[in-house]
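Q: Read off the chains here:
Protein chains: 2
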Amino acid sequence: MGSPIFKRLIAVEDAQNIIIRNVERIRDSETVSIDEAVGRVVAENIYATIDVPSFDRATLDGFAVWSADIIGASEETPKRLRVLGYVKTGRVPRGVVRPGTAFRIDTGAMIPKGADVVVPVEYCDANNGVVFVFRSLPSGSNIQWAGGDIMRGEILVPAGTLLLPRHIGGLSASGISRIRVWRRPRIAVFSIGDELIGLDQEPSAGMIYDINTYTISSLLRLLGCTPIILGRTPDDPEAIARRIEEGLRRGDLVVSTGGSSVGQSDLVVRSLMRAGGTILFHGVMSKPGKPVLVARIGRKLYIGLPGNPTSAMVSFMLYVKPAVMAMLGCDAEHIDNITIRLRRREYGGGGRRLYRMIAIKIRRPSDYTYEPLPPASESISTMLKSDGYFVVPEGLEFLEKGHTVIARVLDGVLQHADILLVGEFSPSILGVLTETTHDMGLHVRYIRKSRESALQSYEDHVADIAIISGHIGGCDLLIRRRLILIARKREGILASAYNISVRGYRTIRVGTHQSAIFRYTQGYADAIIVPEEIARLYGLRGERFGFEELSVLIGNRHREHIIGILRGLGDEI
Amino acid sequence: MGSPIFKRLIAVEDAQNIIIRNVERIRDSETVSIDEAVGRVVAENIYATIDVPSFDRATLDGFAVWSADIIGASEETPKRLRVLGYVKTGRVPRGVVRPGTAFRIDTGAMIPKGADVVVPVEYCDANNGVVFVFRSLPSGSNIQWAGGDIMRGEILVPAGTLLLPRHIGGLSASGISRIRVWRRPRIAVFSIGDELIGLDQEPSAGMIYDINTYTISSLLRLLGCTPIILGRTPDDPEAIARRIEEGLRRGDLVVSTGGSSVGQSDLVVRSLMRAGGTILFHGVMSKPGKPVLVARIGRKLYIGLPGNPTSAMVSFMLYVKPAVMAMLGCDAEHIDNITIRLRRREYGGGGRRLYRMIAIKIRRPSDYTYEPLPPASESISTMLKSDGYFVVPEGLEFLEKGHTVIARVLDGVLQHADILLVGEFSPSILGVLTETTHDMGLHVRYIRKSRESALQSYEDHVADIAIISGHIGGCDLLIRRRLILIARKREGILASAYNISVRGYRTIRVGTHQSAIFRYTQGYADAIIVPEEIARLYGLRGERFGFEELSVLIGNRHREHIIGILRGLGDEI
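Chains as they are written, first to last, in numbering that gives the first Met the number 0: chain A, 0 to 572; chain B, 0 to 572.
Isolated chain A (complex conformation) (with noise of 0.2 angstroms):
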């Protein structure tokens, strides 16, 4: 037990830290078509070039028309309409929804000019040419907006992260095709034994079979590296220290099995002096798994494994594991279930089971929370952004606020956040976030969220910034945001997110500033009123307008970075 050769045995954390700290990034990274990205980690911050949905759209089938013309329509009242077209999914509509008009609609359709609401098909009657409305429904009913789902500018995927399924969809919606992944790290693979035979040699008697190659270069592979087989070495200082110093020159890491019983280890630490080395530590309080050896011959490291099979694997996924994913600038928790206590209410499905899918924030190591995402099938940012799910079995009307449920992580893979923002989009607030923090390690994670459910996730101490549209009393900063009037006529249709009238035009309010933009530049307005920030994204210019106040809200973590790299904004964006 106490050999004299493990001078000080160190704790497991304390082992993985050093490692971790001492570990060089990978700096060179490729371009990988997105067919081949899964399981490799991303080395930039990927911002969406495109709106998803880019236009308007139906969210279901039904018939487009101006929400004016439908007021007061009930089974009784119904409204007649005739009309004009039918817009199919993927068409570009012809004609305009006038006074009096109607789109026949499928869902997903880009709504046509003129209209701003879809009236579901089972709210009409159709016939020669007509349509009769039975339902008032306001403007904005049964459409998406463009952008609603993800904005361009948005941060969707940052550096560091581990591509999964769900972001190769993600990304693919976004029309990115191609992405800049760290290269494969290279790990040079040794064993150590005066006994050990490869399984293309004869078995003689008082040899075996060197196995821990094999399963080290399985579990190297499985985690997205490159394995360097060195081969086979005797326990001889000298032909460790040739096979160490190979495998530094052609591997970012060295990792060996064997010689790390008492009588070997010291032939290992002479090599890695020989080498040039320094020795981190030697010897984990750990169970199998005491004589680790990890040292750094310039800028790498070398870390060396015990002989013995189990404890070989056990320490592979202790310590090389680790090091791969702090080499890559990868914070991935392999993990596939966690328990959370719901932060409200959480309602069912009906009859039919109900797949919640929430984005998983780790407060404290094995505590964890979420955040809810949009129920919506159709969304693509929920897909990206959900780390797991939780279910509300079939036939159950809710699960009450504060129950404890058990959620799945989707891939088995969970990946932190270490800054997660929520709230109104602002390009300037989330680019200079995203790309300070990069250098920091940092990786970010941005959910649009209404105003409501902003504060309410600031206040569950999940958000650590919330962005709110308008002055907050007690927030930590005020930001004005620009506004500018972008117009190609002095009257006609103005379109605008905001509640603004303008003289000399109809205001049409949309969803997003995203529609309003798609709006303007499809002919469907004349002129629009957007922030300033968001309208350069699209290389569109206009003359001020006035100011939206945004307040930030800012938790615990990492405070007074965010508040100093926010300051560096300036209060007016």
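Treat each hint with caution, since some may be false.
Copies of the same chain look alike in the list, so a pair counts if it fits in one copy or across any two.
Stated by the list, open to error - Below, simulated SDA-like cross-link-like pairs (lysine to any residue); rule was C-alpha separation at most 25 angstroms, straight line:
hint : residue 1 : residue 2
1    : K299      : A325
2    : K299      : A240
3    : K87       : A67
4    : K112      : Y46
5    : K87       : T225
6    : K299      : I361
7    : K299      : P321
8    : K320      : E393
9    : K320      : E244
10   : K320      : R220
11   : K320      : G440
12   : K299      : V11
13   : K400      : I564
14   : K320      : G223
15   : K320      : I296
16   : K87       : L266
17   : K112      : R344
18   : K320      : N336
19   : K112      : Y122
20   : K320      : P202
21   : K112      : R558
22   : K320      : G38
23   : K112      : V404
It is worth saying that the hints were derived from the structure and are not from the lab.
Starting from the structure of chain A, add chain B where the hints point.
A: Just chain B now, with coordinates in the frame of chain A:
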């Protein structure tokens, strides 16, 4: 919600069962190198073809001596022996340990002829060709017997096992370098929708990127399948029918996304009818994921998933993943942590954190128990057979029996052992069980255990079958196993694991039958007594010597079936 097209929504589990019952098994296998075998599913039971270790070996550095020479040795009365040589790891010993002599020996090296015990260096004082031994030790001390880890003929990995790194290591230890695995399932994938464009196309107004193909094919690749991407299909029954036919021709299973909205789903149903399909179900009580449509055409399945991205992903996991696993005869659950109750007091590792390796048994869904594996870290079978581990924290003396602990599942994949067999190794019983149940799709796992542990495991309802040497009252079957005497001389050394004396021989008691066979073939022993069924594996014959009684205890799981199979063996093997 209650659209007329979904005539009867069925429960998620019913949908899964219908798919598993109807899916066709992959029947073609291929042989792959062990380097490329991770993630593939084994197509046949794999048995050990060699013993591990294949020779008696020292478990520590010391002196190999004849135990009778050191009886009574102590600090005060050390025994003086002449040192004849030094056995290094990987070398065949030269010379024989005769009375009054010893060999220096390294950890892992082969025990020389004449020795039956290894005295650790710390109880010895060697100088000038002489060693003083300060401690008396019983025969067999510090020797790992041939076959003590893995026995020739033992089942290593049952057919249907998803190969993980630990299997790769364990199989390579037995000299297995090529493995027969099921060929990768070929899954045809296409998307339905007029509005879909490829990532290589310029986005035009009203169109959206086809993202499901990317998500689904990524998910399929992670499952070890070959996705056959058929591309996009407009909302047109003839086009859909053509795609389904192409998919059936080229794939083992056809998966589509989209086309499930009310207006479209009758298009798909019509297309399936045209292709000669039978609808197995249409609509599941799940949210998202209601409009799942599964049909059988000939012997192949078509699974239509919803087009919404989150629904497609959730439905994939619920229906396509189990289908693929069933196609491969694989019963693997992706799970990371389980809760188990300790079956006995578990002692800690002193100041070290103890990782206790265990085989996990599923009693009922979500109800797990375990079988502890030998803690010896040099054990390869421990690595091969461990499904996971639990931790006894450093500094803790023990965890009490009945205490609940969280066990970590290795690689996040738990593979059910349908039948767990423990106790004495009998190749005849194991062989008939594994081969007969193989055809039924049951996976048999064997763990060698001492008499006491085997009985305990059976009584704790962990083991389904226990085989115990000797007659146990109330056992379910009593089988007589023939013993044979194999001799090259009528006098000299007789090695046996049985406590048997034969006139003319001096008996050496060894720990395994495999050690007796090693000693005979290596010339260490002149005669051995071993079970005939084991000798046969080595092509050895001898004269009938007697019988050993094996008591077989059979638990409730598959009881009648197992009794039927084993009765077929007769009462003598």
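Q: Taking the numbered hints from earlier one at a time, note which ones the structure violates and give those numbers from smallest to largest.
A: 4, 5, 6, 13, 17, 20, 21, 23
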